[in-house]
Each structure stands twice: as structure tokens, then as C-alpha cells.
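Undergrad: As given, the protein sequences belong to chains V and W, one line each in that order. Per numbering that gives the first Met the number 0, the very first residue in the first sequence carries number 0; after that it's consecutive. Per numbering that gives the first Met the number 0, the very first residue in the second sequence carries number 0; after that it's consecutive.
Derived from the structure by calculation, the hints contain no laboratory data. Don't take each hint at face value.
Over the 12 angstroms line for every Cβ pair with chain V, so calculated as not near, a few chain W residues [claimed, not checked]:
(1) GLU1
(2) GLU17
(3) LYS21
(4) ILE54
(5) ASP55
(6) GLY62
(7) VAL64
(8) GLU72
Restricting the straight-line Cα-Cα distance to at most 20 angstroms, the calculated cross-link-like pairs of lysine to any residue (SDA-like) are [to be verified]:
(9) W/LYS66 with V/ASP204
(10) V/LYS143 with V/LEU89
(11) W/LYS43 with V/GLY112
(12) W/LYS71 with W/GLU24
(13) W/LYS11 with V/PRO291
(14) W/LYS66 with V/SER64
(15) W/LYS63 with V/GLN63
(16) V/LYS199 with W/LYS63
(17) V/LYS302 with V/LEU290
(18) V/LYS203 with W/GLY62
(19) V/LYS298 with V/PHE175
(20) V/LYS199 with V/PHE66
(21) V/LYS211 with W/LYS11
(22) V/LYS203 with V/ILE50
(23) V/LYS207 with W/GLU17
It should be emphasised that the depicted structure is a prediction, and the values quoted were computed from it without experimental measurement. Each residue gets a CB set at the ideal place from its N, CA and C atoms; glycine is no exception.
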Amino acid sequence: MFSWINNQILKMEWLSDLVEKFVVNIFNLDINSRLGASIHFFIYDSIKIFILLSVLIFLISYVQSYFPPERTKKILGRFHGIGANTLAALLGTVTPFCSCSSIPLFIGFTSAGLPLGVTFSFLISSPLVDLASVILLASIFNWKIAIAYVIVGVILAVIGGTIIDKLHMEKYVEEFAYASNQLDSDIDELKVKDRIDFSKEQVKDIVKRVWKYVLIGVFIGSLIHNYIPENVINAILGNDKWYSVLIATIVGIPMYADIFGTLPIAEALVAKGVGLGTALSFMMAVTALSLPSMIMLSKVVKKKLLGIFVILVTVGIIIIGYTFNFISYLFI
Amino acid sequence: MEIKILGSGCKKCNELEENTKKALEEMGLVAEVIKVTDFKEIAKYGVMTTPALVIDEKVISKGKVLKKEEIKEMLSK
Chain V
0 MFSWINNQIL KMEWLSDLVE KFVVNIFNLD INSRLGASIH FFIYDSIKIF
50 ILLSVLIFLI SYVQSYFPPE RTKKILGRFH GIGANTLAAL LGTVTPFCSC
100 SSIPLFIGFT SAGLPLGVTF SFLISSPLVD LASVILLASI FNWKIAIAYV
150 IVGVILAVIG GTIIDKLHME KYVEEFAYAS NQLDSDIDEL KVKDRIDFSK
200 EQVKDIVKRV WKYVLIGVFI GSLIHNYIPE NVINAILGND KWYSVLIATI
250 VGIPMYADIF GTLPIAEALV AKGVGLGTAL SFMMAVTALS LPSMIMLSKV
300 VKKKLLGIFV ILVTVGIIII GYTFNFISYL FI
Chain W
0 MEIKILGSGC KKCNELEENT KKALEEMGLV AEVIKVTDFK EIAKYGVMTT
50 PALVIDEKVI SKGKVLKKEE IKEMLSK
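Looking at chain V on its own, in the form it has when it is part of the complex (with noise of 0.2 angstroms):
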């Protein structure tokens, strides 16, 4: 029964069929052939990601609704050291957040007294573990997978929030952050009418600003699919190649795209033979940092804490990938 679910609801194998059908007949192209095969992929994964999210986005602003940044905020000062890292990289995962409000949430954390490293282990977190997301790696890989992702990404964040913490870098932040002199807004209340509101703004929102990464991302994965010769992606990429999880989180860091658009190019890495580390190390690099983030943060916090942030993420980064691809076969 859970394998039914699993493979028609998650994965939609109807969809897939039903494409294929699509491709065959009115296409009049051989599925097996490379242009049958790249238009099916792109078909299929672009409807598949797009049902996906806006079903689940739905969902999981509605649970979000119940975390606004001002409650995240009260909750995390009550607690202390590690307790209060792990704390805010869990929260990190439901508390929703917006790139652009970044500078805010930053100030609004630290002029209310929280630790610096407890700080920036939402703001580790926030981007690289989304629920959706989750969901989305457990439909394209599989459940384990997924669960692997959620665990080593809060582990990330945690440590490095936690060393962040331990180095006291708290000079570094501009002034204005901790001067600020807050007033504690209230939280507003909300009725369930509000909540499926703010759910369906959310869906609205979101499609329309990852709608391009998506199409993007699937059209890159569709090309890696069939139109890169397996050879060459295996002498860049290839899990034997010492330096795959080096490239993979280079390329990946200067890249802005959200983690939707970047599932279906990890999944035609996968297919192609890619260690999965390498394709994890990826995904993180590209939602984890990014230059439109790091010119945010650059307003609040000076170049040395900054330098630190991307230091610490990116070997967190890579770290995780060799892992992966030296323990991958417990997953596929």
C-alpha cells in the first residue's frame, strides 16, 4: 500500500506513462530514441515538480503560518549554547523566509540578544532544508535519500553556527544591528481563513518566482540526460574522480537558483552515473550561498565574518558530499 502511494502519488508513475503515451503517438518518436527520451523527461519532470510544489507549498505555509520570524525569535531566546543551534536549524526548515528579508530577520535575531552563532544557524538552514524540498528529493530519489538530506543539513548548520559562535565574532557585525533599539512587535493572530490565505499566497508567490529555475533546470537535466555523452560528465563529474565533489560545490556557489530548479539536474547527474554526493554537494552549494545572498549579508556583517560564513559552508559542503559518495550504496 505505502509503495503504491509512494509510486503513484509521489513519483506519479500515471504521469510518466501517460507522457510516454503522449510522446509515442503524437510525437511519433521512439521513446528510447534521444529526442524521445529528452522531450519525455521534460514533460514529465516539469509537470511533476510544478504539481508537487504548489500541493505542497500549500501544506507547508500552512504549518509556517504558525511560525512567524517574531515567534521563532521568542522561542529561540529562551534557550542556550547547542540547544538553541539545533533549535534554530530545526526552525530554520518551517520558518518561512524570503532572501529579501534576510537583513531584517538578521537584526531583528541579533538586537534581540540571541547568540550570533545561533543566528546563523537559521540562516544556514533556512535556505538549504525547505520542506517542500524534502519531499520533492523523496519523489525524484527516495525516502532515504531525503531523510539523509534533512539530517546532514541541520547537522551543517548547527556546526556551524556553533563555531561561528565559538570564534566571538560578534565585532564583526555592524554596529547598527545590535543598536537598534526594537520594539517587540506582536505576533499577529490568526484565523484558519487567514492561514489558507497566506497558504495560497504562498503557492502563488513561489511558483511565480521559481517558475524559470524550474524549466531551466529541467531543460539542463533533460540535455544531461541524453545529449551529453556519459564519458565526459564521468571524466568531470565521475565518482572515481577525486576532485567531482570539489567541482560540483565550485560551480555551485556563485549560481542563484532555488532548490526546485536544481533537483532535476542532480537527478539527471544521478542517472547519468554521478555519485550522489557529488550531486547532493551541488543542490547545496547552489541553495546555500549564492551572490545575491552574500551581497545581502555583506550590509550587516563585515567582510571577515562573511568570509568566515562562506569558508565554514562550503567545506561543511564538501565534506558531505565525499560522505555521501563514500556510503552511497546504503541509499540507492
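Let chain V serve as the given structure and place chain W on it in line with the hints.
TA: Relative to chain V, chain W alone:
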């Protein structure tokens, strides 16, 4: 009346500004609409999600783009 739109200049902030101006116009109200993009200033209002709407130094909404009708309702209070 003084109205402030808090936000770093992202797309949503512009939408909120536009909706506010339309609401004012339709109600025949004259008010100064000021865009606040400086993070130091934004932080003073205790706002953690942008865009936010401030009417006479009071935070009316945060983290969402209010629709024209919703702003009208706020303005008539």
C-alpha cells in the same frame, strides 16, 4: 497622515507602494508616501519581514503585500 513603506526595494515592496497609492487616490486622501530602504531605519520598527506598511509611525502590516481593498480598510480606521 504619513505613510511609510519599509523594504529594501524588492519587487514586493514596489507592489505594496503601488497598491497604497491607488488606495489613497480612490479614497481621495492626500498623504505622503515615503519609501524606507535603509536597513537601519527598517530595523527601528522591529519589522523582521518586509515589505511592511507603516501609517503614522505604527506598523500596520509586515511580510505581505496588502491588497488595495485591505489598505482602504486600514486607512478608514
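Undergrad: Compare the structure with each hint and give your call.
TA: Checked hints:
1. Non-interface call for W/GLU1 relative to chain V: holds, since the shortest CB-CB distance, roughly 18 angstroms, exceeds 12 angstroms.
2. With a least CB separation of 16 angstroms from chain V, W/GLU17 remains clear of the 12 angstroms interface cut-off, as annotated.
3. Its beta-carbon lying about 19 angstroms from the closest one in chain V, W/LYS21 satisfies the requirement of being farther than 12 angstroms from that chain.
4. Annotated as non-interface, W/ILE54 keeps its C-beta farther than 12 angstroms from every C-beta of chain V; the closest such distance is 14 angstroms.
5. For W/ASP55, the non-interface assignment is confirmed: its Cβ lies about 15 angstroms from the closest Cβ of chain V, beyond the 12 angstroms cut-off.
6. A beta-carbon of chain V is positioned within 12 angstroms of the beta-carbon of W/GLY62; the least distance is around 7 angstroms.
7. Against chain V, the non-interface label of W/VAL64 is violated: not every CB pair exceeds 12 angstroms, the least being about 8 angstroms.
8. Every Cβ of chain V is farther than 12 angstroms from the Cβ of W/GLU72; the closest lies at roughly 14 angstroms, confirming the non-interface assignment.
9. Between W/LYS66 and V/ASP204, the direct Cα distance comes to roughly 14 angstroms. Compliance with the 20 angstroms bound is thereby established for this hinted pair.
10. Only pairs whose Cα atoms come within 20 angstroms are accepted, and V/LYS143 paired with V/LEU89 is accepted, the gap being roughly 19 angstroms.
11. Proposed proximity of W/LYS43 and V/GLY112 is supported: the alpha carbons are some 15 angstroms apart, at most 20 angstroms.
12. As the CA atoms of W/LYS71 and W/GLU24 are separated by approximately 10 angstroms, the hinted pair is consistent with the 20 angstroms bound.
13. Between W/LYS11 and V/PRO291 the alpha-carbon distance is near 17 angstroms, which keeps this suggested pair within the 20 angstroms criterion.
14. Pair hint W/LYS66 plus V/SER64 holds up; C-alpha atoms about 19 angstroms apart against a cutoff of 20 angstroms.
15. For a cut-off of 20 angstroms, the pair hint linking W/LYS63 to V/GLN63 stands: about 14 angstroms separates their Cα positions.
16. Taking the CA atoms of V/LYS199 and W/LYS63, the gap is near 12 angstroms; set against the 20 angstroms cutoff, the hint holds.
17. Restraint check: the Cα-Cα separation between V/LYS302 and V/LEU290 comes to about 14 angstroms, which is no more than 20 angstroms; the hinted pair holds.
18. Annotation: proposed proximity of V/LYS203 to W/GLY62 holds, straight-line Cα distance about 15 angstroms (limit 20 angstroms).
19. For a cut-off of 20 angstroms, the pair hint linking V/LYS298 to V/PHE175 stands: about 11 angstroms separates their Cα positions.
20. Between V/LYS199 and V/PHE66 the CA atoms are separated by roughly 17 angstroms; this keeps the pair inside 20 angstroms, and the hint holds.
21. As the CA atoms of V/LYS211 and W/LYS11 are separated by approximately 18 angstroms, the hinted pair is consistent with the 20 angstroms bound.
22. Restraint check for V/LYS203 and V/ILE50: satisfied, since their Cα atoms lie roughly 13 angstroms apart, inside the 20 angstroms limit.
23. Restraint check: the Cα-Cα separation between V/LYS207 and W/GLU17 comes to about 19 angstroms, which is no more than 20 angstroms; the hinted pair holds.
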